[in-house]
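Student: Here is how the chains run, residue by residue.
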Amino acid sequence: MIIGELSRRELTRRCRQGLAWRIGPFAISVQVQAPLIIENLAFLYADYPICDNAGIIDAFVTVRSAGLMGRHVDIRIDGRKMYCHVPMEQAVPVLEWTLNLCVFHQPSVFLLLHAAAVERDGRVAIFPGEAGAGKSTLCAALIHSGWRLMSDEVAVVRPGDQWIFPSPRPVSLKEESIPLIKGFAPTSRLGRVWPGTAKGQLAHVVPPRESIERMGQGAAPAWIICPNYQPDAKTSLQPCPKDLAFMQCAGNAFNYDVLGAVGFRTLSALVDACDCYAFTYCNLVDAVSRFQELSDSYVGEHSARGCLG
Amino acid sequence: MGSETRYRSRILDWRTWDSDGHVVYNPLSGDTHLLIGISVSALQELAKATCTADELMQLLVKAWRGDGPPPSMSQLNDLLAGLDELGLIEVAP
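Protein chains in written order, with this note's numbering: chain V, 1 to 309; chain W, 1001 to 1093.
It cannot be assumed that every hint is accurate.
Stated by the list, open to error - If we take Cβ atoms under 10 Å as the criterion, some of the chain V residues that face chain W in the derived model are:
| no. | residue |
| --- | --- |
| 1 | 54 |
| 2 | 55 |
| 3 | 58 |
| 4 | 242 |
| 5 | 250 |
| 6 | 257 |
| 7 | 261 |
| 8 | 265 |
| 9 | 267 |
As the list claims (entries may be wrong) - Restraint ranges, calculated between C-beta atoms of paired labels, are given here:
| no. | chain 1 | residue 1 | chain 2 | residue 2 | range |
| --- | --- | --- | --- | --- | --- |
| 10 | V | 121 | W | 1005 | 53 to 61 Å |
| 11 | V | 273 | W | 1063 | 27 to 35 Å |
| 12 | V | 199 | W | 1005 | 51 to 59 Å |
| 13 | V | 158 | W | 1020 | 24 to 32 Å |
| 14 | W | 1011 | V | 13 | 53 to 61 Å |
| 15 | V | 193 | W | 1011 | 48 to 56 Å |
| 16 | V | 158 | W | 1078 | 36 to 44 Å |
Everything labelled a hint here was simulated from the structure, so no lab data went into it.
Backbone N, C-alpha and C fix where the C-beta goes; we use that ideal spot for every residue, glycine too.
Excised from the complex, chain V in its bound form:
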């Protein structure tokens, strides 16, 4: 059953007790009473499968009223206060950040990279990078151009075979990226715009249904691409030395150090398996077109080598 199939009354009841849903290999419970937050959860996560098994929940998030007037909330993960006295008009984006933390800080046998990831024809492109590099904007454009969303924030890499597992969540857009994606993909399901957050204006794009329906399907990595949005820049895809791509990923991994030698060997094998690039763009149409060429040439090249089928 998916969240969107719940009646409003049932949704409210479940949210008060703790509504849990799956996000790829993770399951998170959110307990909340505020109607504004419930309404936005219903919009952003309508297509997500409900998880009724409390035994496999990875994190329990609670959103409680702070103060007497109901205009602020405190947000906790597993009882630990993460955000205090959050104004209600910022509670939805802050809750999204909280759900990020639930995933980032999971003890995990997987290598968790701070990266967006999209898949096409069974091959995954990974975009590691700092905040503001343009990976979410690029990700949002690609998932409305035939690519499947694996994740906007965390690439989940399995040691041993470096298979990438999806954990697709609403894609977070900031400031000028919001009208950019609205213009590029007018049919995209964009949530409400939240002004005045710590990162400026924020909005969330609901992933296409297929991305959520296929969240149990991993895929092989093919490209590591470090994006860089530059206003007025010409679209440019340049090979990146693998040693630099490795360090970029290691510096943007949540648990690389914790995994020790396993982390090193997994990331090494991931870099071995991928073509690595630095990607500069400012025009989304050109950017998507360049990615299509990349995907087509990969499939063509590997068909010629007899690597497929």
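Got chain V sorted already, so can you dock chain W onto it with the hints?
Tutor: Using the frame of chain V, we list chain W on its own:
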């Protein structure tokens, strides 16, 4: 360190691709390093056999292919001090 001090590389995990840089993981410290140039050559020699600084200099000069002159003894001693501080080499018993 005295001139008779012998150094050796710690047991490290290396990854090398077609680029100039080499990524090295130290399982003792858990640190990962990106090394280029003379650091790589020195560490590779110290992984094969223990060396004094003088012996290492001779090996590096013999194999030198870089632009410009090979490092001076002073530069090599600084390099060894740096690699030691990073935990990538140790004094051999």
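Student: Measuring from beta carbon to beta carbon, are residue 158 of chain V and residue 1078 of chain W in 36 to 44 Å?
Tutor: Hint holds: Cβ distance 42 Å, inside 36 to 44 Å.
Student: Holds or violated: is the Cβ of residue 242 of chain V closer than 10 Å to a Cβ in chain W?
Tutor: Holds: closest Cβ of chain W sits about 4 Å from residue 242 of chain V, inside 10 Å.
Student: Holds or violated: is there a CB of chain W closer than 10 Å to the CB of residue 257 of chain V?
Tutor: holds, 6 Å
Student: Please verify that hint: residue 58 of chain V, Cβ, nearest Cβ of chain W, below 10 Å or not.
Tutor: Because about 25 Å separates residue 58 of chain V from the closest Cβ in chain W, which is outside the 10 Å limit, the hint is violated.
Student: Could you tell me whether the CB distance from residue 199 of chain V to residue 1005 of chain W stays inside 51 to 59 Å?
Tutor: This hint holds: roughly 53 Å between Cβ atoms.
Student: With 10 Å as the cut and Cβ atoms as the points, is residue 261 of chain V at the interface with chain W?
Tutor: OK, holds: residue 261 of chain V within 10 Å of chain W, min 5 Å.
Student: With 27 to 35 Å as the target window, see if residue 273 of chain V and residue 1063 of chain W comply at their CB atoms.
Tutor: holds, 32 Å
Student: Between residue 1011 of chain W and residue 13 of chain V, does the beta-carbon spacing fit 53 to 61 Å?
Tutor: holds, 59 Å
Student: 53 to 61 Å was suggested as the range; check whether the CB atoms of residue 121 of chain V and residue 1005 of chain W agree with it.
Tutor: Holds: the Cβ-Cβ distance is about 57 Å, inside 53 to 61 Å.
Student: Is the interface hint satisfied for residue 267 of chain V? The criterion is a beta-carbon contact with chain W at less than 10 Å.
Tutor: holds, 9 Å
Student: For residue 158 of chain V and residue 1020 of chain W, compare the CB-CB distance with the range 24 to 32 Å and indicate the outcome.
Tutor: Roughly 30 Å apart at Cβ, these two residues keep to the hinted range, so it holds.
Student: Tell me if residue 55 of chain V is really an interface residue toward chain W, meaning its C-beta lies closer than 10 Å to one of theirs.
Tutor: violated, 33 Å
Violated hints for the displayed structure, listed by number in ascending order: 1, 2, 3.
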